Amino acid sequence: MATVSMTVNGKVVAEVVEDRTLLVDYIREHLRLTGTHVGCDTSQCGACVVHVNGKAVKSCTMLAAAADGAEVTTIEGVANGDLHPMQKAFNDNHGLQCGFCTPGMIMSGIDMVNRYKAEGKTLDEAAIRAELEGNICRCTGYHNIVKSISQAAGEM
Amino acid sequence: MSEGIGAAVKRKEDKRFITGSGRYTDDIKLENQAYAAFVRSPHAHANVKSIDKSAAEAMDGVLAVLDGKQLTGDGIGNIICGWAITSKDGSPMNMGAWSALATDKVRYVGDAVVAVIAETQAQAAEAAEAVMVEYEELAVAANIEAAVADGAPQIHDNAPGNVIYDWDIGELADTDSALAGAAHVTEMDITNNRLSPNAMEPRAAITKYDAAEDHYTLYTTSQNPHVARLVLSAFYQVAPEHKLRVIAPDVGGGFGSKIYIYPEEIVCLWAAMKTKRSIKWTADRTEAFLTDAHGRDHVTNAKMGFDADGNIVGFKVATKANFGAYMSLFSSAVPTYLYATLLSGTYNIPNIYCEVLAVYSNTVPVDAYRGAGRPEASYLVERMMETAAREMGKDPAELRRQNFIKEFPHQTPVIMNYDSGDFEGNLNQAMEAADWNGFEARKAESAARGKLRGIGMACYIEACGIAPSAAVGSLGAGVGLWESAEVRVNPVGTIEILTGSHSHGQGHETTFAQVVADRFGVPLDSVQIVHGDTDKVQFGMGTYGSRSGPVGMSAIVKALDKVEAKVKKIGAHLLEEPEENIVIEEGTVKATGTNKALGWHEIGLAAYTAHNLPPDMEPGLKEGAFYDPLNFTFPMGCFICEVEVDPDTGKTEILKFVASDDFGVIINPMIVEGQVHGGIAQGVGQALLEEVVYDENGQQLSASYMDYTMPRADDVPSYDVLHHNTKCTTNPLGIKGCGEAGAIGSPPAVINAITNAIGNNDLSMPATPSKVWAALGAAKIAAE
Numbered sequence: 000m001a002t003v004s005m006t007v008n009g010k011v012v013a014e015v016v017e018d019r020t021l022l023v024d025y026i027r028e029h030l031r032l033t034g035t036h037v038g039c040d041t042s043q044c045g046a047c048v049v050h051v052n053g054k055a056v057k058s059c060t061m062l063a064a065a066a067d068g069a070e071v072t073t074i075e076g077v078a079n080g081d082l083h084p085m086q087k088a089f090n091d092n093h094g095l096q097c098g099f100c101t102p103g104m105i106m107s108g109i110d111m112v113n114r115y116k117a118e119g120k121t122l123d124e125a126a127i128r129a130e131l132e133g134n135i136c137r138c139t140g141y142h143n144i145v146k147s148i149s150q151a152a153g154e155m
Numbered sequence: 000m001s002e003g004i005g006a007a008v009k010r011k012e013d014k015r016f017i018t019g020s021g022r023y024t025d026d027i028k029l030e031n032q033a034y035a036a037f038v039r040s041p042h043a044h045a046n047v048k049s050i051d052k053s054a055a056e057a058m059d060g061v062l063a064v065l066d067g068k069q070l071t072g073d074g075i076g077n078i079i080c081g082w083a084i085t086s087k088d089g090s091p092m093n094m095g096a097w098s099a100l101a102t103d104k105v106r107y108v109g110d111a112v113v114a115v116i117a118e119t120q121a122q123a124a125e126a127a128e129a130v131m132v133e134y135e136e137l138a139v140a141a142n143i144e145a146a147v148a149d150g151a152p153q154i155h156d157n158a159p160g161n162v163i164y165d166w167d168i169g170e171l172a173d174t175d176s177a178l179a180g181a182a183h184v185t186e187m188d189i190t191n192n193r194l195s196p197n198a199m200e201p202r203a204a205i206t207k208y209d210a211a212e213d214h215y216t217l218y219t220t221s222q223n224p225h226v227a228r229l230v231l232s233a234f235y236q237v238a239p240e241h242k243l244r245v246i247a248p249d250v251g252g253g254f255g256s257k258i259y260i261y262p263e264e265i266v267c268l269w270a271a272m273k274t275k276r277s278i279k280w281t282a283d284r285t286e287a288f289l290t291d292a293h294g295r296d297h298v299t300n301a302k303m304g305f306d307a308d309g310n311i312v313g314f315k316v317a318t319k320a321n322f323g324a325y326m327s328l329f330s331s332a333v334p335t336y337l338y339a340t341l342l343s344g345t346y347n348i349p350n351i352y353c354e355v356l357a358v359y360s361n362t363v364p365v366d367a368y369r370g371a372g373r374p375e376a377s378y379l380v381e382r383m384m385e386t387a388a389r390e391m392g393k394d395p396a397e398l399r400r401q402n403f404i405k406e407f408p409h410q411t412p413v414i415m416n417y418d419s420g421d422f423e424g425n426l427n428q429a430m431e432a433a434d435w436n437g438f439e440a441r442k443a444e445s446a447a448r449g450k451l452r453g454i455g456m457a458c459y460i461e462a463c464g465i466a467p468s469a470a471v472g473s474l475g476a477g478v479g480l481w482e483s484a485e486v487r488v489n490p491v492g493t494i495e496i497l498t499g500s501h502s503h504g505q506g507h508e509t510t511f512a513q514v515v516a517d518r519f520g521v522p523l524d525s526v527q528i529v530h531g532d533t534d535k536v537q538f539g540m541g542t543y544g545s546r547s548g549p550v551g552m553s554a555i556v557k558a559l560d561k562v563e564a565k566v567k568k569i570g571a572h573l574l575e576e577p578e579e580n581i582v583i584e585e586g587t588v589k590a591t592g593t594n595k596a597l598g599w600h601e602i603g604l605a606a607y608t609a610h611n612l613p614p615d616m617e618p619g620l621k622e623g624a625f626y627d628p629l630n631f632t633f634p635m636g637c638f639i640c641e642v643e644v645d646p647d648t649g650k651t652e653i654l655k656f657v658a659s660d661d662f663g664v665i666i667n668p669m670i671v672e673g674q675v676h677g678g679i680a681q682g683v684g685q686a687l688l689e690e691v692v693y694d695e696n697g698q699q700l701s702a703s704y705m706d707y708t709m710p711r712a713d714d715v716p717s718y719d720v721l722h723h724n725t726k727c728t729t730n731p732l733g734i735k736g737c738g739e740a741g742a743i744g745s746p747p748a749v750i751n752a753i754t755n756a757i758g759n760n761d762l763s764m765p766a767t768p769s770k771v772w773a774a775l776g777a778a779k780i781a782a783e
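First to last, the protein sequences are chains U and E.
Under numbering that gives the first Met the number 0, the first sequence has 121 at position 122, and the numbering climbs by one with no breaks.
Under numbering that gives the first Met the number 0, the second sequence has 617 at position 618, and the numbering climbs by one with no breaks.
Honestly, the hints are just simulated from the structure, not real lab data.
Do not take every clue at face value.
Stated by the list, open to error - From the structure, some residues in chain U lie toward chain E, with a derived Cβ separation under 8 Å:
1. T33
2. A46
3. T73
4. Q86
5. D91
6. L95
7. C100
8. I105
9. Y115
10. L131
11. R137
12. C138
13. G140
14. N143
Unchecked claim - Here are the simulated lysine-lysine pairs, DSS-like style, with alpha carbons at most 27 Å apart:
15. K104(E) x K273(E)
16. K655(E) x K146(U)
17. K9(E) x K87(U)
18. K779(E) x K650(E)
19. K28(E) x K10(U)
20. K621(E) x K567(E)
21. K9(E) x K146(U)
22. K621(E) x K595(E)
23. K726(E) x K557(E)
24. K442(E) x K650(E)
25. K14(E) x K87(U)
26. K10(U) x K14(E)
27. K52(E) x K68(E)
28. K242(E) x K273(E)
29. K146(U) x K650(E)
30. K146(U) x K14(E)
31. K54(U) x K14(E)
32. K48(E) x K9(E)
The model shown is predicted, which means the values in this text are computed figures rather than measured ones.
Note that CB positions come from ideal geometry on N, CA and C, so glycine has one too.
Model the full assembly from the supplied sequences, consistent with the hints where possible.
Written as structure tokens, this is what we have:
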């Protein structure tokens, strides 16, 4: 057991957890932020994506202890005001159906837009599809997810 | 009416999902909650010799280690299949016993043997590892051919030769004679690959037992909580129906896999009573592959006969269907009444005969998965049509056009009576959007780059809105397939719709509200949809088979009719005008020809204050209805797929995918198109990527996302989704249903395109690069 402390959605938190606790379990079970989901056991589906120190991370693949001292943002913390442009774009474009993969899609979407902007690259449809390699959706067939990210890329 | 029927309204339910505020089963944490973990069989077929629980019981945090003998000893019943199918010879189907925890024998890898209940999930999982089960391994039948082979291992004692039923439909002699007289007969052996549904939310259950009230609560990932309660109560004797509340909160996709009642819900309810603790179980993904009902898995031989002019004269089909180790809840209906009844496709076929051999194997149980039987029928019929056109040297579009059913209603030789459609209209729309006539030029352009271009189509038809209760009852169904709704107009005029349908991605909270907004002209935001809780909603048959539109919404319409009648009576009384002059427009109750009007909220208030109601009228404004469908509905359409194959690698790229569907009346085109997108992606997944693979020992080799290829964003194209709709004539809104069409029509369109590209028709799904490359090589050798 160890005390693991980090800043989650702008708030400093500290929890005593087992050493083997994954970041996703820290977030879901200890902080009760249940918008971050678990859809597989092999780091494939991306339902658990959060931002750690500004970068998209699969929180099922990281120990909570490894995020000690880090700045973590989850789906609950992305909006500055009502909705983040990426969240709004998913609603505008019907980019979600059952909603289970959606938090991970939004977190990956924000990350890819930020990276492409920082590098001055164009995030076209082919790039969005390639960048979504680590996020699986079973409902939407990706068509409207791609549209959503494309819209948000123009607004962010 | 901008928010009513036909409006592409953005979804009301989105906000909670995009902000992380959704409430899925695993998000719920109850007071006093313990965790369950299951000890599962590592063998596909074995006798359970002994179970040593002592080490597990001694571990930290362990509350109980429960086995099948305890379960059956407490009177918990076996899991059943709810649709009785009768074999050709009149004998009933051979349903083997399925205990939620195996007692003396295991029949597939993943079969649950012991449940461990512990304080934490990790403790439960660790203790499960410490349970020692001694097995005596038996010979394994891991696929259809092994299960029906001479000397195959006997999986259930009461199913000789592993045969569940040997069923048929249609006229054998007439079909044989039509084929004998045919100018051309196309014959094919077709395999429909086994799939795993893979809703992104794994199945989960949380159970609570209140000893003082002897009352149970089950939160679960269900598409039909009332059916779950009925089955858990009436058949499994877990709890009496009035002492069991089933809640299906936000559910992260279903695709059929969350219709059924699985061992885990049963065991967790029973264990909550035994331990007096709330119990949570959530599947991990490998557990999902090992326990969620799989789909498809047919092997078929088919012969289609044509006269000299190219008219179909007969269609004869023999299918073997793999049911896995046990009969799941609706498994028996899938390869019979949801498959063989669709073998007429969109065509005039005077003679059809189909026989279906249903067999057990040492694999995960198989049941309905998105489309359930209709994808198998569509794949068969549309590959046969394409192949026949190639063999006879005819244009595949023209052969279809020539054989289309053009007059409605149309009675097929296999039960179904199609009410409406304009098949040529959809064909024409799709061909135009796909620029069918420009294909040869595009093919030449690909060839110049060393690539092989192909185009293929499929004209699917399917059956939704399942179904008239009396009809399904006569065919063996153990339940009625109506739907219920209740409309509550509150004193302030806001409206709650309680529905027996369940939304797990379909957007009912928006579309059902649109139906109400359309009817009364009230704002969409004033309408709330309530579903998924047996304590709130009276009863319901749930959501599957694209029935929420044609059946669920029809029940709402029926209840709205009653509300409207009462509102008009109240309006007439208060406005002192004849009832026949009262109209409801834009949320206002008006008397025509006058300037008298009442706001919608004034009617609600009048109904509940009851100070001034017509004589003999009961107070309140709440009406319920049950709607029993008159017929199946028949969505249909034409899909065209264009692909490019790299001959060096065998990799297929989909360049264009056009869907022209006939869904009848559409409530929200944005949501309908989303359903089509998702369906096509699953169909493309089946055609190109997905397959559950077993080795000969019954070990599932594809039980994780490292091994089972889920379609990713760069595996699928953007889709051109079009509509050419004809109104359904058998339900009040004219809706046909749209949930499964994409998955039904797309596999044959994709495979017809690839076989067109590579010039070899001998190709099975999934058409992986290695298979396509091998087929190309075979075509090359054949040409030399």
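Hint check results:
no. : hint              : result
1   : T33               : holds, 4 Å
2   : A46               : holds, 6 Å
3   : T73               : holds, 7 Å
4   : Q86               : holds, 4 Å
5   : D91               : holds, 7 Å
6   : L95               : holds, 6 Å
7   : C100              : holds, 5 Å
8   : I105              : holds, 6 Å
9   : Y115              : violated, 16 Å
10  : L131              : holds, 4 Å
11  : R137              : holds, 5 Å
12  : C138              : holds, 5 Å
13  : G140              : holds, 3 Å
14  : N143              : holds, 6 Å
15  : K104(E) x K273(E) : holds, 24 Å
16  : K655(E) x K146(U) : holds, 17 Å
17  : K9(E) x K87(U)    : holds, 11 Å
18  : K779(E) x K650(E) : holds, 17 Å
19  : K28(E) x K10(U)   : holds, 23 Å
20  : K621(E) x K567(E) : holds, 14 Å
21  : K9(E) x K146(U)   : holds, 15 Å
22  : K621(E) x K595(E) : holds, 25 Å
23  : K726(E) x K557(E) : holds, 18 Å
24  : K442(E) x K650(E) : holds, 17 Å
25  : K14(E) x K87(U)   : holds, 9 Å
26  : K10(U) x K14(E)   : holds, 23 Å
27  : K52(E) x K68(E)   : holds, 13 Å
28  : K242(E) x K273(E) : holds, 16 Å
29  : K146(U) x K650(E) : holds, 26 Å
30  : K146(U) x K14(E)  : holds, 18 Å
31  : K54(U) x K14(E)   : holds, 24 Å
32  : K48(E) x K9(E)    : violated, 58 Å
The earlier numbered hints that this structure contradicts are 9 and 32.
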